[in-house]
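Novice: So the chains spell out like this:
Protein chains: 2
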Amino acid sequence: MSRNLKSVNLTVIGKILTAHDEIANMPIQPNGAEDQVGIAEVYPEFEEGLMDLDGFSHIILLYHFHGQQGYQLVVKPFMDDTEHGVFATRSPKRPGAIGMSVVRLLKTEGNKIYFEGADMLNETPLIDIKPFFRMFDNRPDAVSGWLEGKDEEHIKKVRSDNRFK
Amino acid sequence: MSRNLKSVNLTVIGKILTAHDEIANMPIQPNGAEDQVGIAEVYPEFEEGLMDLDGFSHIILLYHFHGQQGYQLVVKPFMDDTEHGVFATRSPKRPGAIGMSVVRLLKTEGNKIYFEGADMLNETPLIDIKPFFRMFDNRPDAVSGWLEGKDEEHIKKVRSDNRFK
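In order, the protein sequence lines correspond to chains A and B.
If you read the first sequence in my numbering, its first letter stands for residue 544, the second for the next number, and so on.
If you read the second sequence in my numbering, its first letter stands for residue 544, the second for the next number, and so on.
Simulated from the structure, these hints should not be mistaken for laboratory data.
Be aware that a few hints might be false.
If we take Cβ atoms under 8 Å as the criterion, some of the chain A residues that face chain B in the derived model are [claimed, not checked]:
id: 1; residue: 551
id: 2; residue: 556
id: 3; residue: 598
Distance condition first, Cα-Cα at most 20 Å in a straight line; then the derived SDA-like pairs of lysine to any residue [claimed, not checked]:
id: 4; chain 1: A; residue 1: 549; chain 2: B; residue 2: 609
id: 5; chain 1: B; residue 1: 549; chain 2: A; residue 2: 665
id: 6; chain 1: B; residue 1: 549; chain 2: A; residue 2: 554
id: 7; chain 1: B; residue 1: 693; chain 2: A; residue 2: 681
id: 8; chain 1: B; residue 1: 650; chain 2: A; residue 2: 688
id: 9; chain 1: A; residue 1: 699; chain 2: B; residue 2: 681
id: 10; chain 1: A; residue 1: 549; chain 2: B; residue 2: 650
id: 11; chain 1: B; residue 1: 699; chain 2: A; residue 2: 682
id: 12; chain 1: A; residue 1: 693; chain 2: B; residue 2: 598
id: 13; chain 1: A; residue 1: 549; chain 2: B; residue 2: 560
id: 14; chain 1: B; residue 1: 693; chain 2: A; residue 2: 595
id: 15; chain 1: B; residue 1: 549; chain 2: A; residue 2: 664
id: 16; chain 1: B; residue 1: 636; chain 2: B; residue 2: 613
Ideal Cβ positions, reconstructed from N, Cα and C, are used throughout, including at glycine.
Sequences and hints are given; from them, build the entire structure.
Specialist: Quick look at the structure:
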């Protein structure tokens, strides 16, 4: 409730297992990782909270960018040659080091969620899972600033390098 | 890097000012708050990170559900009469107490972002701002589990009560 709170302590609900043990050469968005299966595993004490999640085709994973040290306020993102403010990019090197991926749910099994679109590091701390609501979460007419006019198919193929290590 | 990390400390980058000083009677999604203007204010040390954000029509706000105490793993959401696991709902009473709202950006002015779709409490701690990428963030064909078949216009009008206080 503080007026100028500097940090907040958040519960970690589990971890995400992926094939990416290093930052270099990772897909940079779930759309570029459609063939990459990951497992979001909640700790057993939270398993009950997964009830009915399997009715959704897509879920939102929120997680901690645990592989990052510090942040950069102005960055040159993977998808552009120009610098932008970090909040106008998805760079992982951000002050509030939270990542977000909308992924395709394959199945749930006990405390494990199998999904397609694994664009995060292996052993990533999982903070939250939300259902993707088609009626609420789409913005088909959104204007996307500096990303407008880029070739979508090309962007899907972009892989990370070590610039944000 | 711990294998069973229990919590993580995240930087708060600012706060969100809205007209909602109480949980009761709030809109429950940005789509139900289209006429509600809010201000996301980053602390001055993060202002540089807003560069080029104003080219985007929509942004994603991630914030701490600071008005909540504890969590409930099984909840009856505002939009349904049946119980579901908390991770299959957008209930604010969740273990990793992070809220997410996709809102319409009106303008930026110094360290302030004016937006439409203010569905969060006044003085909410802001953790991150991300640009909404039309090419990456839409899932027009998503299947939405228990929410399928609900009347969208009705849901927009739903307001919160005190069940998650």
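Novice: It remains to establish, for every hint, whether it holds in the given structure.
Specialist: Consistency of the hints with the structure:
1. 551: holds, 5 Å
2. 556: holds, 5 Å
3. 598: holds, 3 Å
4. A/549 <-> B/609: Roughly 13 Å between the alpha carbons, so the hint for residue 549 of chain A and residue 609 of chain B holds.
5. B/549 <-> A/665: holds, 17 Å
6. B/549 <-> A/554: holds, 6 Å
7. B/693 <-> A/681: With a Cα-Cα distance of about 17 Å, the restraint between residue 693 of chain B and residue 681 of chain A holds, given a limit of 20 Å.
8. B/650 <-> A/688: Given pair residue 650 of chain B, residue 688 of chain A holds - Cα atoms ~13 Å apart, limit 20 Å.
9. A/699 <-> B/681: holds, 15 Å
10. A/549 <-> B/650: violated, 25 Å
11. B/699 <-> A/682: holds, 16 Å
12. A/693 <-> B/598: holds, 14 Å
13. A/549 <-> B/560: The given pair, whose Cα atoms are some 16 Å apart, holds under the 20 Å limit.
14. B/693 <-> A/595: The given pair, whose Cα atoms are some 16 Å apart, holds under the 20 Å limit.
15. B/549 <-> A/664: Holds - the C-alpha atoms of residue 664 of chain A and residue 549 of chain B are around 18 Å apart, at most 20 Å.
16. B/636 <-> B/613: With Cα atoms ~7 Å apart, residue 636 of chain B and residue 613 of chain B stay inside 20 Å; holds.
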